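Student: Construct all of the structure, not just a fragment, from the sequences and the given hints.
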Amino acid sequence: MPDPHDLLFKTLADPTRRGIFERLCSQGEQTVVALTAQAGVSQPAVSKHLAVLKQAGLVRDRHQGRQTHYSAQLAALAPLADWTNRMAGYWESRFDDLEDLLKRMDQ
Amino acid sequence: MTETRSVVVEREMPHPPEKLWRALTQPHLIAEWLMKNDFVPTVGHRFNLRGDWGGVLNCEVLTVEPNRSLSYTWDFAHDDPAYALKSVVTFTLTPSAKGTHLRMEQAGFRPEQKQAFGGAKAGWQRFFAKLEEVAGRAD
Numbered sequence: 001m002p003d004p005h006d007l008l009f010k011t012l013a014d015p016t017r018r019g020i021f022e023r024l025c026s027q028g029e030q031t032v033v034a035l036t037a038q039a040g041v042s043q044p045a046v047s048k049h050l051a052v053l054k055q056a057g058l059v060r061d062r063h064q065g066r067q068t069h070y071s072a073q074l075a076a077l078a079p080l081a082d083w084t085n086r087m088a089g090y091w092e093s094r095f096d097d098l099e100d101l102l103k104r105m106d107q
Numbered sequence: 001m002t003e004t005r006s007v008v009v010e011r012e013m014p015h016p017p018e019k020l021w022r023a024l025t026q027p028h029l030i031a032e033w034l035m036k037n038d039f040v041p042t043v044g045h046r047f048n049l050r051g052d053w054g055g056v057l058n059c060e061v062l063t064v065e066p067n068r069s070l071s072y073t074w075d076f077a078h079d080d081p082a083y084a085l086k087s088v089v090t091f092t093l094t095p096s097a098k099g100t101h102l103r104m105e106q107a108g109f110r111p112e113q114k115q116a117f118g119g120a121k122a123g124w125q126r127f128f129a130k131l132e133e134v135a136g137r138a139d
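Chains as they are written, first to last, in the numbering used here: chain P, 1 to 107; chain C, 1 to 139.
Fair warning: there could be bad hints in the mix.
Said to hold, decoys possible - Calculated pairs, SDA-like style, for lysine to any residue (alpha carbon to alpha carbon, straight line, at most 25 Å):
no. : chain 1 : residue 1 : chain 2 : residue 2
1   : C       : Lys-86    : C       : Asn-58
2   : C       : Lys-19    : P       : Asp-96
3   : P       : Lys-10    : C       : Ala-77
4   : C       : Lys-19    : P       : Gly-89
5   : C       : Lys-36    : P       : Cys-25
6   : C       : Lys-98    : P       : Asp-106
7   : C       : Lys-19    : P       : Arg-94
8   : C       : Lys-36    : C       : Lys-98
9   : C       : Lys-86    : C       : Lys-19
10  : C       : Lys-19    : C       : Glu-32
Hints in this document: simulated from the structure, not taken from any laboratory. Treat the numbers as computed from the prediction; the structure is a model and nothing was measured.
Tutor: The structure is reproduced here in C-alpha cells:
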C-alpha cells in the first residue's frame, strides 16, 4: 500500500524542488521560464522537478498558448499539517506505558 | 513566517507526585515508558534518548523542580535541515484529589527556519512515522 506521507516526504526532501514549490506558494502561478530564472538550475531540471511535484499532487499545470503555467496545490499538504495530532497520539501512547509502569512500581 | 506550535497532553494519574517524579527522572524507569537514555536530573546535563528505530535525540536538562516540573530540549540533528528539529518538552506535576495531574507540553519547532512551510512539517512527519512504527510494534 503506497503511503501518501512517504510520497510527500520524498518529493519535498529535495531542497531545489522544495524551493520551487515554496516559490509557487508565495508568488502564485508561474511559468517554467520564470521559475528557471530563480531556481539556479537548468530549465529541463526545473521541468523534471515540476513533473515530480505534479505527480505528488503538489502542483497543477495550465496550458496557455505555448506556455505552461504552474500553481501550488496547498490541499496536498494536508497530511503533513496534522502532525500536532500525531505527536499528541505519540505522547498519549507513552503515557499509557507510563501508567503501566506506575502500577508495576506499586508492587 | 515563524513555525512555532506546541502539543499538550494531560492525564490524571492515580499516584502521588513523588512516584511520578521517579518515573520521569530515573534512567531505568524512563527507559520503560519512553526511550533508552543517560538522563541525570541536573540542569545543564546533556543526554541522549535512543529510539529502538535507531534515531538519537539530543537533549539538555533545562529545569528541575523535584516533584513539580521538569523540562529538557528534544532535538533531532540531521544533515538535511528539512529533517532536523528543535523542541522543548516540559512535564508539569500538580497534586490532585486522586493523585497527580500530569501535563506534557512539547513546544518550539524550528522558529528560525524561514522555509519551514514544507521542511519542518516533512521532518516531523518522517520522525513521527518512525515513532509510530515503534509504537505499533509495541502493541
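Student: All hints, please: hold or fail.
Tutor: So, going through the hints one by one against the coordinates:
1. For the given pair, C/Lys-86 sits about 9 Å from C/Asn-58 by alpha-carbon distance, which is consistent with the 25 Å threshold.
2. In summary, the hint linking C/Lys-19 to P/Asp-96 is supported, as the alpha carbons are separated by about 16 Å, within the 25 Å threshold.
3. With a C-alpha separation of about 18 Å, the suggested pair P/Lys-10 and C/Ala-77 falls inside the 25 Å cut-off, and the hint holds.
4. With a CA separation close to 24 Å, the supplied pair C/Lys-19 and P/Gly-89 stays within the 25 Å bound.
5. Restraint check: the Cα-Cα separation between C/Lys-36 and P/Cys-25 comes to about 41 Å, which exceeds 25 Å; the hinted pair is violated.
6. For a cut-off of 25 Å, the pair hint linking C/Lys-98 to P/Asp-106 stands: about 16 Å separates their Cα positions.
7. In summary, the hint linking C/Lys-19 to P/Arg-94 is supported, as the alpha carbons are separated by about 17 Å, within the 25 Å threshold.
8. Between C/Lys-36 and C/Lys-98 the alpha-carbon distance is near 30 Å, which puts this suggested pair outside the 25 Å criterion.
9. About 29 Å separates the Cα atoms of C/Lys-86 and C/Lys-19, which puts this hinted pair outside 25 Å; it is violated.
10. Under the criterion of a C-alpha separation no larger than 25 Å, the hint pairing C/Lys-19 with C/Glu-32 is consistent with the structure, at around 15 Å.
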